[in-house]
Amino acid sequence: MTDERSEGQGTTPNGDYPLYANGDDTLAAASGRPLRDLSLQKTLSEDISSEDYSISAETLRAQAEIARDAGYPQLAQNLERASELTAVPNETLLEMYEMLRPGRCSFEEYQALAERLRDEFSAAATAAFVEEAAAVYQERGLLRRELE
Amino acid sequence: MTTTAAADRSVNGNAGSRRFSILAGRDINRETYVEEWAEAGLTVADSPYDPQPSLRIVDGEVVEMDGKDRADFDALDRFIADHAIDLAVAEEAMATPSHQMARMLVDINVPQPTIRRLADGCTPAKLCEIVRHMNVLEMMMGLGKMRVRKTPANQAHVTNWRENPALLAADAAEAALRGFAEIETTVRVARAAPLNALAILVGSQTSRGGVLTQCAVEEAFGLRLGIKGLTSYAETLSVYGSERSFVDGDDTPWSKAFLASAYASRGIKIRFTSGTGSEALMGYAERCSMLYLEARCLLITKGAGSQGVQNGSISCIALPEALPGGVRGVLAENLLASMLGLECASGNDALASHSALRKTAKLMLQMIPGTDFICSGYSAIPKQDNMFGGGNFDAEDFDDWTVIQRDMQVNGGIRPVREEEAVAARRQAAQALQAIYAELDFPPIGDEEVEAAALAHSSEDMPERDMVADLAAADRFLEGTANLSDVVRALHRSGFEQAAANLLEMGRQRVAGDYLQPSAIFADGFNVISAINDNNDYTGPGTGYRLEGETWDALQRIPQQKSPRDFIDAQVGEPLPNLAEISTAKVGASANEIVVAVGPAYGTSLVKTIGELDHEEVLEALLTGVAEEEFYGRVVRVYHSADCAAIGHAGARLSGSGIAVGLQSRGTTVIQKRGLAPLNNLELFPQSPSLTLEIYQAIGRNAARYAKGLSPLPVGVKVDNGARLRLIVKTALLHRREIEDIEEKAPQELYFRWEPDV
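Line by line, the protein sequences are chains A and B.
When we follow the numbering used here, the leftmost residue of the first sequence carries the number 23, and every step to the right adds one.
When we follow the numbering used here, the leftmost residue of the second sequence carries the number 213, and every step to the right adds one.
For the record, the hints were derived by calculation from the structure and aren't laboratory data.
Cβ coordinates follow ideal geometry from the N, Cα and C atoms, glycine included.
Just to be clear, a hint being listed does not mean it is correct.
[Said to hold, decoys possible] Pairwise CB distance ranges (calculated):
| no. | chain 1 | residue 1 | chain 2 | residue 2 | range |
| --- | --- | --- | --- | --- | --- |
| 1 | B | Gly279 | A | Asp91 | 32 to 38 Å |
| 2 | A | Lys64 | B | Leu299 | 46 to 52 Å |
| 3 | B | Val348 | A | Arg166 | 44 to 50 Å |
| 4 | A | Glu131 | B | Lys280 | 28 to 34 Å |
Just chain A, with the same shape it has in the complex (with noise of 0.2 Å):
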């Protein structure tokens, strides 16, 4: 049971941690809805879309920031991937995630995808990370064989 919560604070409190408590007034959706305007008040007498109850990336930073500080820098890198993330739509973002498995793509149809991550997305991180693994499938044999 978790019912309680334990004495005594990490040792590397994070001020800013969790965003909810510190950061209720400025949070918002990643439609931009204001976390406070997300209430069941607003819910039950407006239209709310799921983008109402989408992390932004702006948060998705400021969560980032708080597991580089707590020592954590690959989640912090993970966290900064997908904050580029948020802006590729949900049928896009499960494609992109398809051509990456192994033997779907060609070296250039990935630099195509880093080219329009950085284009059209300005994720320039998760783009990078797409040119190094399309280097890593060619040397390994887990680009798309034309044969099969």
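Given the coordinates of chain A, work out where chain B should sit on it, guided by the hints.
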């Protein structure tokens, strides 16, 4: 040898050992045990082919790792070298002797961050070398310190064979009530996923706000469910320790890392899945030990930026358990995950053994140190409904679990609940889902179905549903525009205001993203706790997580627990009217008398034995036995002691024949002879619950026979092995009551108004 062989042998009447035949039939011998075979990957922690630790860094790039040049790196080596290892501390870490790091793990004076810093600079082979120095006790010490979140927790599995939504909601509600921080469901039929995910989401939030939920399905499908708001976490992002296994799993470290980011971009918590044995099972262990391959998995997990992992062999658990040191190896991989700062859901999920003893022994390795999630899925349902393939612990083990927690003062993440609370939570969850189904125009859930779900144990207790219609509704729901807010509105309109508020709160928390941090869960009241604000600061006794205060109160208060104060009500009653005290007892002059010496409370404060025989009838039986031998009985009360031997001893000193029967109020009896040491005796009857009036009569008879100088056959009492176990509390309390009547005065002669029927 197999059970059948053993049985055949005993049937054939060959000269086989009966004991070995019985052992062969035990649960433990239904399992498979094999010798190590490194070439097939069938070795747990130490293969002769495992690489030796090494690391060379040139110009900020790893050029050699674990004896392999960068040019020879496979995709996994590349990912680990470039993403997982902290090059700033790597040289220091690799230069620190492994046995020294093993000692640091056990040393309470070395805090978690010191070890984590060095672990971040270790290669896979180095990590293995460290834990190979450790025995399980040392690993448990290490795990208790390295666990990421200070507060341990647990995760539940909730599924059912019929994919019945009302039952899913009810079981999720009960699991939430029992304190599980996460609930995972899956499907028998993949298309059922959206409605199964909805059922456990609504069920859990109806019961306790803040439970995280997931639905284990194919990777991309799982992401779709999360995007729709039906799940708040995902953990079936499997990684493997060899390149070919990874590719057969249809992923690469980069695709898995992308998937992790994709989930996070929608505010969904993830953890990866790995675990010993999977590579051997998939045929590509590359002659390495399971532990070495797991160390690679864990570094890929960390490098990809997953906040955590479920490991501990998971669904492959039976494979390491077939090998020597398998359970130790599984603990080692949990420890490695924690050392690397990964939230660890530590296995104890899939069926690992037929033997209850073996299952429990293994569990202790994680339960006692505590992990972020003791089980990466405690089956909160019966086995036949577990669509993960059967749980190692399931709904039928709830009470065993809560009692073990209470025994050890350990928080295993499950709180005891009362039947009426559980049924109420289950009913409300099923009603809430019924309302949503009606509002969203899904196939209706009937009132009788709600009631069946409230009281059910398994899906066999549920009425049939039209599964084809349910699946069609699931397809429509997934493709349609209905989202979380429609569910919130439906709940609110139907009067489930708290559930609506909780569901909305899950959405609001998703916007904040605090539960994306390492090892995050919600404590009661949607208070997020994670490595950031609840990090494990264990540095020895008195530090770290302690089960105390309100949580300890709640965990010890199991419904089976009774007040001991009214435990002996059955033995208390009106004092015997026909038993009167006359005067101080004197030594008898007649060689034909047997003294029956009773305890201070006999027939007064206490009037029945522990076996609920009336004190009056017990005295009658004893005196009848004495009379049958043409002796007569004197009754005296011993005041100075409640001890059976002392009562008998005092009686014998007063007896004209030198023989006495000593009788405690709870019924324990001795035949004593003057001159014997108090703790020696002629016959002792310690099994008071098994004594009958016939036996008391026989005791009286034997006492008289001893007085005649005969050597009678001792009175036979059937041994009841369970009596002490059942009655020990009562025994203690009856004795305590008798002691309360002790007085510093000489034994008193009693008048017992009764005539023997002989």
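These are the hints, each one checked on the structure:
A C-beta distance of roughly 36 Å is found between glycine 279 of chain B and aspartate 91 of chain A, which places it inside the suggested range of 32 to 38 Å. Checked against the hint of 46 to 52 Å, the pair lysine 64 of chain A and leucine 299 of chain B passes, with Cβ atoms roughly 49 Å apart. Distance hint for valine 348 of chain B and arginine 166 of chain A: a CB-CB separation of about 47 Å, consistent with the stated range 44 to 50 Å. Between glutamate 131 of chain A and lysine 280 of chain B the beta carbons are some 30 Å apart, a value that agrees with the proposed interval 28 to 34 Å.
In summary, this structure violates none of the numbered hints.
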